Amino acid sequence: MNKSGVILKKKSSPHGVKVPERKLTAGRPIERAPLPEKAVISLHQNLGAPGEALVRRGDRVLTGQRIGDSDKFVSAPVHATLSGEVTGTTMVINPPTAQPVEALVIGSDGTDEWVQLEPADRPEDLSAEEILDRIRQAGIVGLGGAAFPSHIKLAPPKKATIDTIILNGCECEPYATSDHRVMLEYGDRVLSGLNIIRRLLSPQSVYIAIEDNKEDAIAHMEDLIIGMGLEETIKIVPLESKYPMGAERVLTKLLLNREVPIGGLPLDVGAVIHNVGTTKAIHEAVVEGRPLIERVVTVTGAVKDPKNLMVRFGTPLRTLIEFCGGIVGSANKVILGGPMMGFAQFDLDFPTVKGTNSVIVKDDSALAEQQCIRCGRCIEVCPMRLMPTALARYAQAGHYDLCKEAYVDNCFECGVCTYACPANIPIVQHIKVAKRELARRAPRK
Amino acid sequence: MKLQRAFLVSPSPHLWRGISISRIMYLVVLALLLPTGAAIYFFGLRALAILAVSVAVSLLTEYLCKKMRRRAFVMDGSAVVTGMLLGLTMPPTVPLWMVAVGAVFAIAIVKEAFGGLGHNIFNPALAARAFMAVSFPLPMTTWVAPRGLGLDGLTSATPLSGDSVWQQFDPAAHQAMFLGNTSGSLGETSALALLIGGCLLLGLRMIDWRIPVFYIGVVAVFTLALGQDPIFHILAGGLMIGAFFMATDYVTSPLTNRGKIIFGISLGVLTVLIRQFGGMPEGVLYSILIMNAFTPLIDRYTGEKPYGLVKRAKDAG
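If you read the sequences in order, they're chains A and B.
Take any residue in the first sequence, note its place counting from 1, add 363, and you have its number in my numbering.
Take any residue in the second sequence, note its place counting from 1, add 3, and you have its number in my numbering.
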């Protein structure tokens, strides 16, 4: 049905749920958010080790200057996202871990003066080591939300054989449209970044997974692929719009029919998966020498004028929400990330971080929890084929050992069980508690 | 700028599908309205009185039990469903006070004593009916012909209690049984009304197809193998109401898909065995109660293989 052969047959999963999409901003071109008066740069914006400050109070910093880093293996540096003076440090709560982390406060001088960038004269001549080094120096982490340092994902252990790269443009979370807009407006950079990681990993197959609610992005990426003459190399796989299609393990199952072993990573089944925003950042780092200091954030929900914004990290949520006309109505919840996996925030001074793909303002109310009626809906929707109701019951009773026996570690906390639960049981929360408790008890290696 | 406000912080997800327990229960009530209407049509206002007593006493009992247990009474609709199901399994002439006793037993003993909704082992309506059958044997087995036969008030054998009809293929009898124009418990006589209600629940995905399909399918195949009339067996007694409304009760049936298939097949086999070789004419009630007891065991061994399970990891060391 398509002549180019780039677009493969649409795939779907028997699990997951149809969520209301609410992509209010799908048609809104990316706008640049205003520079804040001060940026609060968390030193811990990756899944690995926190960084240490490289600058002190009173130092003048330039946009793009490295200001925090760690010598730990799994880590990524952070950079100043505007020019000005370091006015001090503060503590912010790191959303995924709920732990307080140190952050540097930079007062803007309003000039946005950049460090000297070092573009690659001939990017195609860079060695693999040079490419990985540029990616690390740029502080690139997975922009899909997990914030895993990209240079590590791109340097798999010797014994791992990677035969497939999956570029993830699913964006299955409701509301979020940042990946969508990145594909439409920066598709060339996305593919350039993809080509860079193709060089690093030399895979046999390269797929771009996009949900079928983004027809324009599918068509645009197809055009770009044909324009680059890569129609034999890069294939687009449309996916039925369903949550959580964009989860890594769901993608390996759907596209490759391979299941990531429990406790393993996609590379254990030969796949490396990158978000479209990440490969855009990889292009900018490798070709232009630009560090990762901004990203597209969808600011949406109950704001006057929902937008897709190019946001410097460290910009307070307040600045973004005010730029979108403020909160309308009685909305009482601010979510960092998507509504299915994101974190509710109580403080509008909280800064955006690398993992922030959307800021959602909405109305919500605490629902009364009832007893499980054993309807089985959580089991039906679980993409990991677990028994969420049993896991929640064990966790509530403190039987964490039983949780472990029931493969609680396999849960990646997508939240479909809780979404579908008629008894309003916070199943995912119980599971998170069990996982944290098991991790705490596990003997340290 | 109205940015000074207290924000709600709660764990993800921040969206909810919006299908609540009460919505599920009231959809079941909706699906039961047609069989209820059929019961009133065939057995008169007495059917309505029985159902009203059953539902009212169920609700009142639940309210009092929650008070005694110092728990919040939530109008989740489950007691209404139990009351309706109990009422629909009553013979048309049963004294109303017996219905009330049954409803108290269903809610206070079978449900609340085990911890309330979600914790009961047995289907409350069925267990209460079994209790009534042993407590009040005569009133619980006195049947009258429906009004449609023009024999109002006359005692009459149910199709299953007369041996003679078992092996004959009789289209006229099939039609009467399909429509409900036969003697029996209030809500079980009209297969048509039950089928429409059951299909409504299936269509709305409130119940899973596996239990009713395997249950009814196995009864058909098994009775055919025994040289009997499968259509008669499907339409007779409580099979339709049992397969669609009782065996599919979430709380007392397996959670897993494979478990539901095992449950359905076992129910079919047990029902035919009891009808054929047991001391009672009907086997649906006891089949379901027996299988209710096996539900936890079935769940334990029929879970799906989790995603990514290669080999059970040995303990570290």
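Please keep in mind that the hints were generated in silico from the structure rather than gathered at the bench.
What you are looking at is a predicted structure, and each value in this text was computed from that prediction instead of being measured.
Glycine included, each C-beta is placed from N, C-alpha and C at the ideal position.
Where hints are given, some of them may not hold.
To be verified - Looking from chain A toward chain B, a few residues come up when the C-beta cut is under 10 Å (computed):
{"id": "1", "residue": "A523"}
{"id": "2", "residue": "T524"}
{"id": "3", "residue": "I525"}
{"id": "4", "residue": "T527"}
{"id": "5", "residue": "R612"}
{"id": "6", "residue": "I690"}
{"id": "7", "residue": "K725"}
{"id": "8", "residue": "D727"}
Results of checking the hints against the structure:
1. Hint on A:A523 is violated. Least Cβ distance to chain B is approximately 16 Å, over the 10 Å limit.
2. The interface hint given for A:T524 is broken, as the beta carbon of that residue sits about 17 Å from the closest beta carbon of chain B, more than 10 Å.
3. Because the beta carbon of A:I525 sits about 18 Å from the nearest beta carbon in chain B, more than 10 Å, this interface hint is broken.
4. With 10 Å as the threshold, the beta carbon of A:T527 stays out of range of chain B, its nearest partner Cβ sitting at about 17 Å, so the hint is violated.
5. At its closest, the beta carbon of A:R612 sits 7 Å from a beta carbon of chain B; the interface hint therefore holds under the 10 Å criterion.
6. Below 10 Å, beta-carbon pairs count as interface contacts, and A:I690 has one with chain B at about 6 Å; its hint therefore holds.
7. Hint on A:K725 holds. Least Cβ distance to chain B is approximately 7 Å, under the 10 Å limit.
8. With 10 Å as the threshold, the beta carbon of A:D727 comes within range of chain B, its nearest partner Cβ sitting at about 6 Å, so the hint holds.
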